[in-house]
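Trainee: This is what each chain is made of:
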Amino acid sequence: KQEVTQIPAALSVPEGENLVLNCSFTDSAIYNLQWFRQDPGKGLTSLLLIQSSQREQTSGRLNASLDKSSGRSTLYIAASQPGDSATYLCAVGPGDSNYQLIWGAGTKLIIKP
Amino acid sequence: GAGVSQSPRYKVAKRGQDVALRCDPISGHVSLFWYQQALGQGPEFLTYFQNEAQLDKSGLPSDRFFAERPEGSVSTLKIQRTQQEDSAVYLCASSLEGVGSGANVLTFGAGSRLTVL
Chain U
1 KQEVTQIPAA
11 LSVPEGENLV
21 LNCSFTDSAI
31 YNLQWFRQDP
41 GKGLTSLLLI
51 QSSQREQTSG
61 RLNASLDKSS
71 GRSTLYIAAS
81 QPGDSATYLC
91 AVGPGDSNYQ
101 LIWGAGTKLI
111 IKP
Chain P
1 GAGVSQSPRY
11 KVAKRGQDVA
21 LRCDPISGHV
31 SLFWYQQALG
41 QGPEFLTYFQ
51 NEAQLDKSGL
61 PSDRFFAERP
71 EGSVSTLKIQ
81 RTQQEDSAVY
91 LCASSLEGVG
101 SGANVLTFGA
111 GSRLTVL
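Read top to bottom, the protein sequences are chains U and P.
Mapped onto our numbering, the consecutive letters of the first sequence carry residue numbers 1 to 113.
Mapped onto our numbering, the consecutive letters of the second sequence carry residue numbers 1 to 117.
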């Protein structure tokens, strides 16, 4: 059974720092992996989607990598800003389905001004 | 519409009451998903619709949960005889394509927070 883990559960860093959020999964047979951010009362916003054949995706200050063999993905945030404060979740699309996402519990990120 | 709209945003129910949660997906989106998110946890899949067809309901936790999308647009998640363990945020998401069409970028609604007393 696929399990997705995100460590740490919470992270606080000063504004301007580069940071890395981690996501690990137990079964390498995945269709894709997605990173989302969740703001209180605003639902989930898709940030990046990496197909199983890809190694990384970039959007602005965000870069997500995928290493299927080791069961790991990282989300790199460059030059962090207070507006980046949110909970970041990764979700794995299983190999036999591209929609029944399996989610981590998230990392709550606080960027201190 | 411009985004996925869910109503009500907040619902308080007494144990044993029936509740209905509504989701208005983005117009023209084929796929619609319901998820349940407990406090401090990631969402858990409940059910999936492709147009009006409910293709997967394996995540529904009991037969008290029922979902429909009769005309392939608006969907309703109904919970009968609510229990305290049903307290959670219920998230709806939609995507343009159906299953098997490649990458499915999901657009989520803000969720409906259900509290069962």
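Keep in mind the hints are simulated off the structure, nothing from the lab.
Check the hints yourself; a few may be wrong.
To give a feel for the contact side, a few chain U residues facing chain P, derived at Cβ under 7 Å [stated by the list, open to error]: (1) P40; (2) K42; (3) L44; (4) S46; (5) Y99; (6) Q100; (7) G104.
Partial list, computed: chain P residues near chain U (C-beta under 8 Å) [as the list claims (entries may be wrong)]: (8) S31; (9) P43; (10) F65; (11) G109.
Everything numeric in this text was worked out from a predicted model, so none of it was measured.
Quick reminder that beta carbons are idealized off the backbone N, C-alpha and C, glycines included.
Trainee: The structure should be examined with respect to each hint, and the outcome stated for every one.
Mentor: Here is what the structure says about each hint:
no.	hint	result
1	P40	violated, 10 Å
2	K42	holds, 6 Å
3	L44	holds, 4 Å
4	S46	holds, 5 Å
5	Y99	holds, 5 Å
6	Q100	holds, 5 Å
7	G104	holds, 5 Å
8	S31	holds, 7 Å
9	P43	holds, 5 Å
10	F65	violated, 16 Å
11	G109	holds, 6 Å
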